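Top line first, the protein sequences correspond to chains A and B.
Counting in our numbering, the first sequence runs from 1 upward without gaps.
Counting in our numbering, the second sequence runs from 1 upward without gaps.
Hints listed in this document are in silico derivations from the structure and should not be mistaken for laboratory results.
Treat the numbers as computed from the prediction; the structure is a model and nothing was measured.
For glycine and all other residues, C-beta sits at the position ideal for the given N, C-alpha and C.
Covered stretches of chain A (in silico footprint by chain B; criterion: 3 or more residues with CB under 8 angstroms from a CB of chain B, positions within the stretch not fixed):
(1) 253 to 264
(2) 306 to 320
(3) 468 to 482
(4) 550 to 563
To give an idea of the chain B side of the interface with chain A (calculated C-beta under 7 angstroms), a few residues:
(5) 2
(6) 7
(7) 70
(8) 92
(9) 102
(10) 241
(11) 264
(12) 265
(13) 266
(14) 309
(15) 312
(16) 477
(17) 478
(18) 479
(19) 568
(20) 570
Number of protein chains: 2
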Amino acid sequence: MQFHEDGYVTGDPIIKRPAGIGLNRTAELPVELDVLIVGEGPAGMITAAQLSQFPGINARLVERRPEELLVGQADGIQARSVETFQAFGFANRVIDEGYHITEMSFWKPGTTNPSEIVRAAVAKDDELNVSEFPHLIVNQARIMQYFGEVMRQSPTRMVPDYGIEYLSHQIDESEEYPVAVTLRRVAGPQSGEELVVRTKYLVGADGARSQIRRDIGATRQGKQAAHAWGVVDSLAVTDFPDWRVKCAIQSNDGGSILHIPREGGQLTRMYVDLGEVAEDDNHAVRETPMSQIIARANQILHPYTVDVKHIAWSSVYEVGHRVTDRFDDVPAQERAVRQPRAFILGDACHTHSAKAGQGMNVSMQDGFNLGWKLAHVLLGVAPTELLRTYTDERQEIAQNLIDFDKTWSSMMAAKPEDFDSPTELEDFYVRTAEFPAGFMTEYKTSLVCGTQDHQDLATGYTVGKRFRSAQVVRRAEGNPVQLGHLAQADGRWRIYVFADAPAAGQPSKTTDLGEWLANDPASPLVGADLGGRRRREWFDAKVIYQQNHLDFELLDAPAAFRPVYGAFDLMQYENVFSADPETDIYAERGISRDGAVVVVRPDQYVAQVLPLDAHSELAAFFEVVMPH
Amino acid sequence: MQFHEDGYVTGDPIIKRPAGIGLNRTAELPVELDVLIVGEGPAGMITAAQLSQFPGINARLVERRPEELLVGQADGIQARSVETFQAFGFANRVIDEGYHITEMSFWKPGTTNPSEIVRAAVAKDDELNVSEFPHLIVNQARIMQYFGEVMRQSPTRMVPDYGIEYLSHQIDESEEYPVAVTLRRVAGPQSGEELVVRTKYLVGADGARSQIRRDIGATRQGKQAAHAWGVVDSLAVTDFPDWRVKCAIQSNDGGSILHIPREGGQLTRMYVDLGEVAEDDNHAVRETPMSQIIARANQILHPYTVDVKHIAWSSVYEVGHRVTDRFDDVPAQERAVRQPRAFILGDACHTHSAKAGQGMNVSMQDGFNLGWKLAHVLLGVAPTELLRTYTDERQEIAQNLIDFDKTWSSMMAAKPEDFDSPTELEDFYVRTAEFPAGFMTEYKTSLVCGTQDHQDLATGYTVGKRFRSAQVVRRAEGNPVQLGHLAQADGRWRIYVFADAPAAGQPSKTTDLGEWLANDPASPLVGADLGGRRRREWFDAKVIYQQNHLDFELLDAPAAFRPVYGAFDLMQYENVFSADPETDIYAERGISRDGAVVVVRPDQYVAQVLPLDAHSELAAFFEVVMPH
Ligand SMILES: Cc1cc2nc3c(=O)[nH]c(=O)nc-3n(C[C@H](O)[C@H](O)[C@H](O)COP(=O)(O)OP(=O)(O)OC[C@H]3O[C@@H](n4cnc5c(N)ncnc54)[C@H](O)[C@@H]3O)c2cc1C
Ligand SMILES: Cc1cc2nc3c(=O)[nH]c(=O)nc-3n(C[C@H](O)[C@H](O)[C@H](O)COP(=O)(O)OP(=O)(O)OC[C@H]3O[C@@H](n4cnc5c(N)ncnc54)[C@H](O)[C@@H]3O)c2cc1C
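The shape of chain A in the complex, shown without the other chains:
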């Protein structure tokens, strides 16, 4: 964390100084906006939290509910989400608070007495060690509260506007604020009143029954038939030995429970399978009484019993596997001629079962993908074409998710005798762990994602996949730090320069690259101010040397990695690193000893891997996304 660079500020350094919009934030919704977000779910909140970091962007979030979500809905937090929280500054607090999944138990009918379940296997949750972050369970309401805190503590002091419902919108490209949105107050003294606000962009994070999806004419693909689960968050007394372990439980009569311990040491969630919902059910399944669901759970758990003492939250959750044909307002045939103005995110564009615990995770990655793109376009940093890449990138991810979820759900629903091998279910769980953990996302080549031509220079940093952290030593004070954890959700591009063999201060390709980055007119870091920042402040350029940190001097690193900043023109000390001799990032991430440049997007995805002397390729890449 960096702070006090403009003088000591008392209090929590996480709270940023108000700036721009935040100096004079109006309680009332302004009539003209840069971005209007509809829906206070995980998708809407992360988008808002990201946009709130830019003092120059006037973004608001409206939500129909009269107040914040207090309890319920999803609770699975994949490691990729925790990695994302790190960028927003609250990962460690969620880690302290959450339940950590490290194991999963599989319970099946016993072989001697199939009417009683037995513990058939215990699998490690992250056998493949895909991340340094844990897999957590924390209530969705809490995650949204954390994002709410990020917003309030951001320079723009953003807070959601509750009790306001989206009704419809119209787009007129001839206007400065092309999207006219009709809203209605649904809480408070003026309840019922309609109002119109004009915005540059509309973000539809309005959930599975999205009105914005309908209004932009997107249609849902996939089968209509939904699957239903009785979801019970409860406090209970039980003799079931694995009450604090995540369990897949299958009984002899075809029943199944997905059992998930929750944060705090007592609360747990049971997903009791209620089966496929008939086409003509008309949501009748939602009327299933909780007592019936708990009785069913007891049947499945036999010979164990669960005495539910208190229900904290419950729901009959009914959902189909569906994805919309596009995630913005531009139909395929118009994509060449106009850029999007409205977007849909999260459940508004993809729904799937809760079994793989993806609910809020994928929705947040939608918002993380869109947020910085909107900021760059609004601030004039990037061309409007950037916005198209949102649908291009996220729709494929959604489709993969639905496919994975279908396989996983049907495996969990299958009877033991349907499997080829007795360990098929747990083997699949372990083998595919990278997918539900959120790390299989691999974006295709586009204007924000390069090719894999030079992938051999850094085999651990696949172009299109997220930048995986590793430990390095910071030269300035010799501290071991996680390189990836230094990246904040600040909308900046990151340029990681992994040095070739010579040390800092020696003639080398790294020294040449540093010189070029700092001084060449073609360098992306050189040029006039852009979007309210010095141009070079849109970049976070770091260098990692192969030598031990005491074998070279900080001040010998090229000036590009020690830029001057802040009110007092101080030198940045914290961008020069050394490979930690104990962990060696070069070995861990397959980086060539001849060095490599790894370019990482503001949403943490690797955009380029290049040789150290590929100055012109580097220039060409940024000339598209950040033209001079």
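Please arrange chain B with the ligands on chain A, whose structure you already have, making use of the hints.
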């Protein structure tokens, strides 16, 4: 962290539900109090934070200043303090926020050109690996803000009362509230007004010039002559290569600087030695202009220069090595006949140089030692004799500190030619690291500290020293956890039962002990309610088995380690552990394979090491501090 056990509570689970005093906290100072603390420094704040955890205790803290401390004073946080913060729930946030000291550089006059300093050595700060917690630098003001947050979020919703000055007190043991304290408002509309409050106990955390010290007739031992340093917290531009490293810098002309990088990546502190203060100086040294101190720093740093751009805080800090003859109001000759009513803590009873970075650390340990003792006596859990142990335990620690500090300060002040060996200074630093880290404290045998008769059963848990954490696996869900980090500052005794060889459920001494603890009338856990809690809730009894966690069942552990608690009579799941096969706490802490009981005090000090079958010794120990 455990929460939601009485139903889901939305929001940050760190915020406890209001209870007792906190349900109806008055803005105005009540006329009758259980404890009155004077002084919002580290000593006063930790005492207040500890007492605020007990709904039944009415404690207030008065401070002369009109508002909280905003900046300045001490900044070194030893690992023992971070361990203490863990118990108060904010260690990880301070760790994220602070500067981490991992190395120290030693700069000396060059051998070829002694007028220029050169880097002579770099030493690891914690070569001996004395703690899993780091050594940090964070402003004292921030630490007090963290404790302030703990107080506000406690059941009693405590906040300091600012703008109130202590004047004097009188003790009359015949009264229910024996201490009558005269205060004066020194801020706000009623400024100047005097008021009298009556309290059961008075805590003098009123700093080096303590009035309470004088009022209880304690006297300071040690030499009068003080040493002075110019302390400058600044933002600067420099070519000194180790600006972000803790440095001891000695120049040829006898000058010396202790240089300390600060939190946030830019701020640093220089202690520029101004030498011994003459007896007749009359604080004239405090008038030394900052420009002169900075000029002196530049002289010492030659050939490097420091261009100070901004001074965040500065002070001429003048201090002698002194400790008072006692830390409470009872003179030696009266100790047999009466118990203390007034205490002094922190700088009020010991002062020393800033060189070893002990300022706020030792003061906090004073408060942590006193806080739970006051609570136990006030709630009728322990006899009043307990309070005497405060002076007994802490005065010796203060004396050790002064002795250590004298040695270290004179070594740092010595000229290079005074040393026997060129590496004497850095060798001493590394060799004695456990002392300034706060881990050399070893309390003597008393009613709260047993003997070392059975020390061989757990050689890593020295009776009288702090309980050092180690990694174990929690049986309930298979998570690796730091055993020591589960201990909160909740005033409870901890009983760690390290099992003998048989697994849970087998006949063993552990099984017998569990049975005895839960059911025997002599067991400290058995008996009538005490101080507003079930008697067994004054204990946190945990068991650690030698088997891997999947080789026994949670439900086979004795019921003493799975107590029923909370509004719904739920079972506690989180007190049964297994030695982590990778780290093996038995090997790491020298625990006998025949098992051992380790009793730990509410302030984390080991009070007893006993064999598993020493039921009567265990009963006897607690019969004194928690009589039936
Ligand atoms: C009742 C319920 C139970 C669920 N249970 C589970 C579960 O057990 N496990 C699991 O993994 N997932 C569950 N989910 C799904 C999970 O919560 C979603 O995947 C996740 O919240 C998606 O996030 P989102 O931001 O896309 O949408 P949502 O979280 O659904 O947020 C959409 C928001 O938009 C608001 N909104 C909608 N229309 C308008 C409008 N016209 N104007 C203003 N505001 C509007 C809604 O009030 C809502 O707050 C559940 C969802 C719901 C609704
Ligand atoms: C100006 C200054 C600079 C310092 N600089 C350093 C440094 O550079 N490095 C270092 O290691 N240590 C430094 N210290 C020492 C360090 O801050 C202390 O060791 C530490 O704060 C001790 O904590 P404490 O709680 O005992 O007392 P303090 O932190 O001194 O707190 C005592 C409090 O009591 C209040 N008080 C005093 N009398 C009354 C009264 N009659 N009524 C009401 N309130 C009263 C005071 O206003 C003060 O807030 C400095 C101290 C001071 C005062």
